[in-house]
Structures are given as C-alpha cells and as structure tokens.
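Student: Residue numbers (the working numbering), protein chains in the order written: chain A, 1 to 438; chain B, 1 to 194.
Hints are computed from structural coordinates only; laboratory data are not their basis. Note that the Cβ used here is the ideal one computed from N, Cα and C, for glycine as well. Wrong hints could be hidden among the right ones.
What the hints assert, rightly or not - Pairs of lysine to any residue, SDA-like flavour, derived with a Cα cap of 20 Å:
hint	chain 1	residue 1	chain 2	residue 2
1	A	K402	B	D178
2	B	K115	B	G156
3	B	K171	A	R220
4	A	K402	B	A159
5	A	K188	B	R131
6	A	K308	A	R290
7	A	K228	B	R131
8	A	K188	A	K149
9	A	K229	B	N194
10	A	K228	A	S208
11	B	K171	A	T185
12	A	K229	A	A245
13	A	K272	B	A159
Stated by the list, open to error - Partial list, derived from the structure: chain A residues whose beta carbon lies under 7 Å from chain B:
hint	residue
14	I209
15	I255
16	S271
17	L280
18	A296
19	A300
20	L317
21	G318
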Amino acid sequence: MKRCSAGIRVLIMSALLVAVICASPLILSGQQGYLEVSAPGNRQLQLAIAPPAALSGGVNQDVARAIIDVFKFDMTLAGPFSVSEPQVTESRSGIRPGDFDMASWRAAGTDLLIKSGYVVSGDSVSIEFRLYDVLTEKELAAKRYTGSKRDVRRVVHTFSDDIMSAMTGIRGPFTCKIAFVSTATRNKEIYLMDYDGQNIQRITKNGSINLYPDFSPNGRELIYTSYKKGNPDLYRRELASGAEARVTTARGTNITGAFAPDGNRIALSMSKDGNAEIYLLSKEGKQLSRLTNNDAIEIAPAWSPDAKQIAFVSDRLGKPQVYIMDSDGRNVRRLTTSGAYNVGPRWSPRGDKIAYCRQMGGGFQIFTINPDGTGDTQLTREGSNEHPRWSPDGRFIAFSSKRGGRESVYIMRSDGTGQTKISRGGTSDSSPVWSPRW
Amino acid sequence: MRKVICLWSLVMLCGALMLNGCAKEQVVTPEQPLTAPSSEKQLKQSEAAKQAVQEEKIASPAIKESPVAKDEASASAAAAQANGLLKTVYYDFDSAILTSSARDTLSANASVLLKKQTGLKIQVEGHCDERGSAEYNLALGERRAKSAMNYLMTLGVPASRLSTISYGKEKPADPGHDEAAWAKNRRAEFVVAN
C-alpha cells in the first residue's frame with residue numbers, strides 16, 4: 001500500500017508538473033517545491049537498475065559496467081531515489097513492456113526500474129533504455145541512442161536527463177559540462193569536463209593566468225579573464241572552433257564577467273575609469289552603459305534569470321557585501337545583512353534563490369538567500385567552500401572546496417545535501433561553472 | 001473591480017483545466033511509438049541521438065598562443081639593478097592604506113627613480129594574502145597598487161613612467177598559510193616595464 005501511494009504520487013506529480021510547464025515556464029521559475037518527490041519527509045523511491053542486456057551480439061562488460069556506473073552516480077545525486085542493483089530472477093527476461101516479469105521486481109520492493117539493452121558492432125554502440133513504474137507496470141520513458149564506444153557515458157547521462165524529465169517535467173543537467181580553472185600545468189588554465197568529472201579537456205593553453213570562466217546561455221562560448229597580454233583582460237572563446245577574441249582593451253582589471261541571459265551582453269567589473277565598477281558591454285566589447293559609480297570596489301555581477309536585476313558585490317560600506325540593483329543601475333539595495341564579508345553571488349535559474357559565500361572562521365561557506373533577503377541558509381560547513389554556480393535546472397550547485405587539502409571541484413543539491421567531490425588527480429581546481437544544456 | 005478579478009479567475013481556471021488535460025495525455029502515453037516494432041527507426045532519428053554523437057567532439061583549440069613574456073627575462077642589466085633598489089611595500093590586512101613605513105619605502109623608491117634610474121618605467125604590482133575571496137582580492141590588489149603609484153606621483157615621479165597591475169592572491173611571495181606568510185604577501189612590488 002505504501003509503495004502504491006508512492007508510485008501514484010509520482011504519476012500525479014508528473015501530470016501536474018507537465019501542466020505547469022505548458023502553462024508558463026516563467027510562472028514555474030518562481031514556484032517553490034515543484035520537486036516535491038525529494039522534499040524532506042518523503043520516502044525515497046526504490047530505483048532498481050536491471051543488468052544491461054546484450055540485445056544481439058556478444059556481451060560487453062565495459063559497456064554494461066559504464067551503464068550501471070553512470071546511472072548510479074546520476075540517480076543517487078538526483079536525490080529522490082534510493083538506487084540499487086538487486087539480484088532479481090525473472091521467469092521471462094527482456095527489456096520491452098510485456099517481455100519480462102514485472103511481478104518479481106515488485107516482490108523485490110522496487111518502485112522504479114531501469115531496463116537497458118545494448119548492441120555493440122565494431123566501434124558503434126546502440127543502447128536502448130526503458131524506465132518503468134513497477135506498480136502500475138507503465139513505461140514512463142523509452143529511448144534508444146546510437147554512438148561510438150566513447151559516447152557510452154554521455155548516452156547514459158542523456159537517459160538520466162530523460163528520467164528526470166519523466167519524473168518531474170524538467171530535464172536533468174547530467175549531460176552538461178563544468179568549466180573550471182586548474183593548476184595542472186602550474187599556471188592557471190581553463191578546462192572543461194563532464195559534470196561528473198570525466199573527459200577532462202584543456203581549453204586555454206597560453207601559459208598565463210586564466211580566471212573566472214562563464215558560459216554563454218547557449219553553451220557555445222566561454223568568457224574568462226586572462227593575463228596572457230600582461231593585463232587581466234576579458235576574452236571570449238568559441239568552444240567548437242577554439243577561436244578566441246579579446247573583448248576588452250582598457251588597462252586595469254577586467255574581471256568576473258557574466259553573460260546576460262540574452263547572450264548578447266556581458267556584465268563586467270572594469271577599473272579603467274579609476275576603480276572597479278560594473279559596466280554593461282556588448283559581447284563584442286562595446287560599452288553599453290556604466291551601472292555603478294562611486295569610490296568603492298564593485299565586482300561579481302550576477303544576472304537574475306529575467307535579466308531585470310543584477311546582484312553584485314560592493315565594499316561601499318567598508319567590507320564586501322552583496323547588493324542588488326535593477327539592470328539599468330538604479331534602485332540599489334543591500335541583500336546580505338548577516339556576516340561581515342559576503343561575496344560571489346549567483347542567481348538560481350528559477351530566480352527564487354541567490355547563492356553566495358560568507359567569510360567565516362578563516363574560510364568561506366556557501367549560503368543561499370531569497371532575493372528579498374529572507375531565508376538565509378548555510379549549505380556547507382566542512383572546510384572552506386567558495387564559488388557557487390547553479391546547474392541549469394536549478395537542482396544542483398557546483399563549488400570549490402579546500403576540505404580535502406587541495407582545492408577541488410564539488411557538487412551538491414541546492415539544499416546542501418549530497419556534497420560530492422568531482423575533480424580528481426593531484427591538481428588544484430577552482431572556479432567551476434556548470435554549462436547550460438549541452 | 002471584483003468582477004474583473006472573478007473573470008480572471010475563471011479564465012485562469014479554464015486555462016489550467018485545458019492544460020491539465022493536455023498534460024495528462026502526454027503522461028499517459030509517454031513515448032508511445034516506441035512500444036511498436038517500428039520504433040527503432042524513430043529512436044535512431046531522434047535529435048538526442050544525433051547530439052550524443054555529434055556534440056561530443058570538441059576540437060582541441062588549434063590557435064597557437066604565445067607564452068607570456070617574463071618581466072625578469074626582458075629586463076636589462078640596469079633594470080635588474082633597479083629591481084633590487086626598488087623595495088616592496090607592505091599593507092595591513094584587507095587594507096590599501098599606506099602605513100608610515102610604507103611611505104618611507106616609497107620615498108626611497110621615488111628618489112631611486114628620480115635620481116639614479118631616470119629612464120625607467122615601472123609597473124606597480126598589487127598583491128594580497130590568501131584569506132579574502134580571489135575575486136575581491138583582485139580589486140583590492142589594484143587598490144594597493146594604485147595607492148603606491150599615487151604616492152610616487154605626489155613625490156614627483158611622472159605618471160608616464162608608472163602603471164599598475166593587480167594579481168590578487170594569484171602570486172604569493174610566500175606560499176605559507178600563517179600570519180608571517182600573509183604579511184609578506186600583502187604587498188606592492190615595483191617591476192621594470194621598459
């Protein structure tokens with residue numbers, strides 16, 4: 001009976017949520033708790049991963065292992081699922097509806113079941129995935145993807161995104177990339193990796209200091225600050241071609257650039273007129289407007305998802321604090337009032353939270369706060385944690401942490417649970433930023 | 001006024017019901033074509049499948065970038081001498097205010113630039129200790145470099161011979177994590193720029 005209610009609840013939720021999305025993504029962006037399957041107090045759904053089957057041709061242990069590993073990682077991070085690989089003996093086996101015996105999975109206590117099958121032919125791999133609600137015996141999602149052997153992890157992440165879409169109406173961010181800064185070469189260069197730390201690719205190779213990457217909203221470009229010409233200038237790079245353009249030419253700091261949601265403008269802290277102020281530039285570098293004008297330091301602009309407001313850091317009252325202004329520079333008000341030193345704001349994609357860092361006890365901790373200043377909540381406690389950056393669905397936050405000694409990239413759910421180290425190896429990794437959907 | 005609100009509520013309710021209907025259809029029959037034998041073709045053609053194959057390939061950047069010239073390497077013998085003559089200035093925590101000892105050091109540096117090395121151009125490098133946020137420290141480092149530069153200018157060093165750059169906490173002089181190291185890292189250095 002208990003399981004029944006869980007299954008039904010999920011189905012009802014899906015129905016309602018798809019309705020909400022039809023109605024208006026903007027309304028959704030302001031709504032609380034639409035991910036109620038993961039709300040505290042709800043029982044986790046028992047998600048079973050069936051052994052991947054060779055649909056034709058031989059068994060391939062590498063492919064089968066990759067399917068299970070990726071699902072386990074993605075679905076465990078997701079939150080509402082308790083993920084397992086139970087040993088279930090089926091009287092009839094198969095992955096399609098009606099081909100196998102759902103009762104044995106029901107008997108094993110499974111709420112949701114992922115079935116998968118693969119065909120490996122030379123370098124080509126085709127994988128078919130099916131997500132079932134075991135109680136209603138309904139198929140919730142089914143897809144087949146074909147790619148080369150090196151695409152297997154990406155293909156499984158894609159179905160993980162599909163699962164989140166089927167369960168909640170909003171796709172997962174598991175196919176996204178994370179850009180970050182690494183000292184692997186002793187300099188600071190920008191790298192790209194899968195959100196789970198796999199497939200690391202180096203982006204800049206200039207032997208200088210490269211800082212603060214930020215993605216364009218379509219994910220095709222990165223902006224960052226580089227000292228490669230002897231001054232911290234802003235650059236914009238097209239990821240596919242590697243083509244790079246210098247956006248700023250003025251001497252002084254050109255730092256903490258943030259792409260506007262429209263993809264055409266960049267908010268940037270520049271000191272060309274005397275001290276660090278926030279400006280709006282076209283993405284080609286033409287100055288559109290100056291948003292702040294005083295003797296204080298103004299850095300780290302962060303757009304609201306509707307582009308109407310910008311959160312930023314100012315030390316106009318002595319110590320750095322987070323403020324919000326309208327995106328024309330007017331109507332400045334202070335956001336953070338607790339803590340002596342608050343920096344690094346970043347607006348959630350749903351618009352309902354702003355993540356930032358507070359200096360505490362010799363290090364930093366990550367908080368979230370509502371844009372009206374209420375609901376100030378500490379998310380991290382272990383070690384020093386900085387640079388929160390939301391996943392595009394707003395479910396997760398990437399950040400850097402020194403809890404393990406060296407600074408590394410971590411991810412967590414937006415309520416602070418599920419903190420997981422992502423970067424590996426002996427390098428110092430910082431300034432992660434989660435890409436838009438890839 | 002109340003009538004308008006009522007009318008709106010009715011419209012919203014109708015809209016919600018209609019949308020709910022549309023949504024339920026989508027949920028009850030998810031991916032329905034896939035249960036049919038002809039599903040394989042459709043799946044293969046799905047956009048996601050194409051993405052999975054195509055978008056994985058990110059060409060490694062082909063652009064060749066020249067390494068950054070090292071200040072020290074480009075400096076002449078005279079400049080190297082000047083580097084030794086120009087002393088580093090230190091700051092208090094989270095501050096760009098010149099202490100009296102910092103002003104003394106800057107006076108000595110100014111007399112080197114005005115009497116011994118009259119042709120040298122200098123870049124003032126601002127640095128911070130590791131405790132502040134990296135982003136804020138870049139701005140603070142610049143504030144430090146500018147406070148030192150402005151003081152040199154008041155002592156008569158022409159602005160045309162001076163420039164600033166901030167490295168924030170990116171280039172510590174001492175890699176340690178204690179007050180002794182931090183004190184050495186909160187500084188402005190004077191590097192020959194010609």
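Student: Could you run down the list of hints and mark each one as holding or not?
Tutor: Hints and how they fare:
1. With a C-alpha separation of about 16 Å, the suggested pair K402 of chain A and D178 of chain B falls inside the 20 Å cut-off, and the hint holds.
2. Between K115 of chain B and G156 of chain B the CA atoms are separated by roughly 11 Å; this keeps the pair inside 20 Å, and the hint holds.
3. The suggested pairing of K171 of chain B with R220 of chain A is violated, with an alpha-carbon distance near 31 Å, which exceeds 20 Å.
4. Restraint check for K402 of chain A and A159 of chain B: the C-alpha separation of about 41 Å exceeds 20 Å, so the hint is violated.
5. Restraint check: the Cα-Cα separation between K188 of chain A and R131 of chain B comes to about 19 Å, which is no more than 20 Å; the hinted pair holds.
6. Proximity of K308 of chain A to R290 of chain A is assessed by CA-CA distance (about 16 Å); at most 20 Å being required, the pair is judged to hold.
7. For the proposed pair K228 of chain A and R131 of chain B, the alpha carbon gap of about 25 Å is over 20 Å, so the pair is violated.
8. A C-alpha spacing of about 32 Å is found between K188 of chain A and K149 of chain A, which places the hinted pair above 20 Å, so the restraint is violated.
9. Restraint check for K229 of chain A and N194 of chain B: the C-alpha separation of about 15 Å stays at or below 20 Å, so the hint holds.
10. A threshold of 20 Å between alpha carbons decides the hint, and for K228 of chain A with S208 of chain A the separation of about 5 Å falls inside it, so the pair holds.
11. For the hint linking K171 of chain B to T185 of chain A, the alpha-carbon distance of about 15 Å falls within 20 Å, and the restraint holds.
12. Taking the CA atoms of K229 of chain A and A245 of chain A, the gap is about 12 Å. The hint holds against a cut of 20 Å.
13. The straight-line distance between the Cα atoms of K272 of chain A and A159 of chain B is roughly 15 Å, inside the 20 Å bound, and the hint therefore holds.
14. With a cut of 7 Å, the hint placing I209 of chain A at the interface with chain B holds, because the nearest CB-to-CB distance is about 5 Å.
15. The restraint placing I255 of chain A at the interface with chain B holds, with a minimum CB-CB distance near 5 Å, inside the 7 Å limit.
16. Among the interface hints, the one on S271 of chain A holds; its C-beta lies about 6 Å from the nearest C-beta in chain B, closer than the 7 Å criterion.
17. A cut of 7 Å between beta carbons decides the hint on L280 of chain A: the least distance to chain B is about 18 Å, and the hint is violated.
18. For the restraint placing A296 of chain A at the interface with chain B, the shortest Cβ-Cβ distance is roughly 9 Å, beyond the 7 Å limit, so the hint is violated.
19. Checking A300 of chain A against chain B: minimum C-beta separation of about 5 Å stays under 7 Å; hint holds.
20. Given hint, L317 of chain A at the interface with chain B, is violated; its Cβ is 14 Å from that chain's nearest Cβ, farther than 7 Å.
21. Using the Cβ-Cβ criterion of 7 Å, the hint placing G318 of chain A at the interface with chain B is not satisfied: the shortest such distance is roughly 9 Å.
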